[in-house]
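Student: Taken in sequence, the protein lines are chains H and D.
For the first sequence, the numbering used here begins at 1 and goes up steadily by one.
For the second sequence, the numbering used here begins at 1 and goes up steadily by one.
To be clear, the hints were calculated from the coordinates, so they are not data collected in a lab.
Treat the hints with care, since some could be wrong.
[What the hints assert, rightly or not] Listing some non-contacts, in silico: residues in chain D with all C-beta distances to chain H over 10 Å:
| hint | residue |
| --- | --- |
| 1 | H29 |
| 2 | R68 |
| 3 | N70 |
| 4 | P83 |
| 5 | V96 |
| 6 | T104 |
[What the hints assert, rightly or not] Computed from the model, here is a short list of chain D residues facing chain H with C-beta under 7 Å:
| hint | residue |
| --- | --- |
| 7 | G42 |
| 8 | F90 |
| 9 | G108 |
[To be verified] Subject to a maximum C-alpha distance of 25 Å in a straight line, what follows is the list of computed DSS-like cross-link-like pairs (lysine-lysine):
| hint | chain 1 | residue 1 | chain 2 | residue 2 |
| --- | --- | --- | --- | --- |
| 10 | D | K14 | H | K37 |
| 11 | H | K111 | H | K68 |
| 12 | H | K54 | H | K71 |
| 13 | H | K5 | H | K99 |
| 14 | H | K54 | H | K5 |
| 15 | H | K99 | D | K14 |
| 16 | H | K111 | H | K71 |
| 17 | H | K5 | D | K57 |
| 18 | D | K71 | H | K99 |
| 19 | H | K68 | H | K54 |
| 20 | D | K71 | D | K9 |
| 21 | H | K56 | H | K71 |
From a predicted model like this one, the values you see are computed outputs, not experimental measurements.
By construction, the Cβ of each residue, glycine as well, lies at the ideal position given by its N, Cα and C atoms.
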Amino acid sequence: DQQVKQNSPSLSVQEGRISILNCDYTNSMFDYFLWYKKYPAEGPTFLISISSIKDKNEDGRFTVFLNKSAKHLSLHIVPSQPGDSAVYFCAASGTNAGKSTFGDGTTLTVKP
Amino acid sequence: NAGVTQTPKFQVLKTGQSMTLQCAQDMNHNSMYWYRQDPGMGLRLIYYSASEGTTDKGEVPNGYNVSRLNKREFSLRLESAAPSQTSVYFCASSEVRWGWGTDTQYFGPGTRLTVL
Chain H
1 DQQVKQNSPS LSVQEGRISI LNCDYTNSMF DYFLWYKKYP AEGPTFLISI SSIKDKNEDG
61 RFTVFLNKSA KHLSLHIVPS QPGDSAVYFC AASGTNAGKS TFGDGTTLTV KP
Chain D
1 NAGVTQTPKF QVLKTGQSMT LQCAQDMNHN SMYWYRQDPG MGLRLIYYSA SEGTTDKGEV
61 PNGYNVSRLN KREFSLRLES AAPSQTSVYF CASSEVRWGW GTDTQYFGPG TRLTVL
């Protein structure tokens, strides 16, 4: 039973447009959510996170939205740049849920 | 401050050979992890260590053993390599202590392993 799901394996957007990456979770014990970015031949790197006490967190061009009732979070990238092309992993953890559970990732391609 | 380092970066093994993947972190983190990533798939947890002296199985532990040598180092051993273990292996660390804190993980660059 996959507790964190990223239902879109890939996403392609035009440079300058908005990229929206989605993630769903099933475990109600999760209270902290993270996005990681991974370039080919490199390890994943932490991008942005959100606690369940918030519904939005911004960091520059990146915004994460959390809808607890729907058990859904999304990552918005505005404006998208070719350098954002990478695999994005959603992860969830919690005080009582322990270590992170990762989704399978979404490959984002931003076309010039 | 090197973060998380892994050695080797690449390795080719024959079926049945053994090897140890090394991982070290210099961030004084309590928890360390080993993942594998197969083509087109996400990160699957092999083993983790919540603190020095403890290790636990993750999602896909069969065929692997681990050692938390000290707070800095966490090694992964393949006793008898099989072609199904061809993958990219990532080590990660985080400062979380079980029961509190958030699990932001810091990853190494990966080891690309091919088993023939």
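Student: Each hint needs a verdict: does it hold in this structure or not?
Tutor: Now the hints, each set against the structure:
no. : hint           : in the structure
1   : H29            : holds (13 Å)
2   : R68            : holds (15 Å)
3   : N70            : holds (20 Å)
4   : P83            : holds (22 Å)
5   : V96            : violated (7 Å)
6   : T104           : violated (5 Å)
7   : G42            : holds (4 Å)
8   : F90            : holds (5 Å)
9   : G108           : holds (5 Å)
10  : D:K14 x H:K37  : violated (32 Å)
11  : H:K111 x H:K68 : violated (32 Å)
12  : H:K54 x H:K71  : holds (13 Å)
13  : H:K5 x H:K99   : holds (16 Å)
14  : H:K54 x H:K5   : holds (21 Å)
15  : H:K99 x D:K14  : violated (34 Å)
16  : H:K111 x H:K71 : violated (31 Å)
17  : H:K5 x D:K57   : holds (22 Å)
18  : D:K71 x H:K99  : holds (18 Å)
19  : H:K68 x H:K54  : holds (10 Å)
20  : D:K71 x D:K9   : holds (22 Å)
21  : H:K56 x H:K71  : holds (14 Å)
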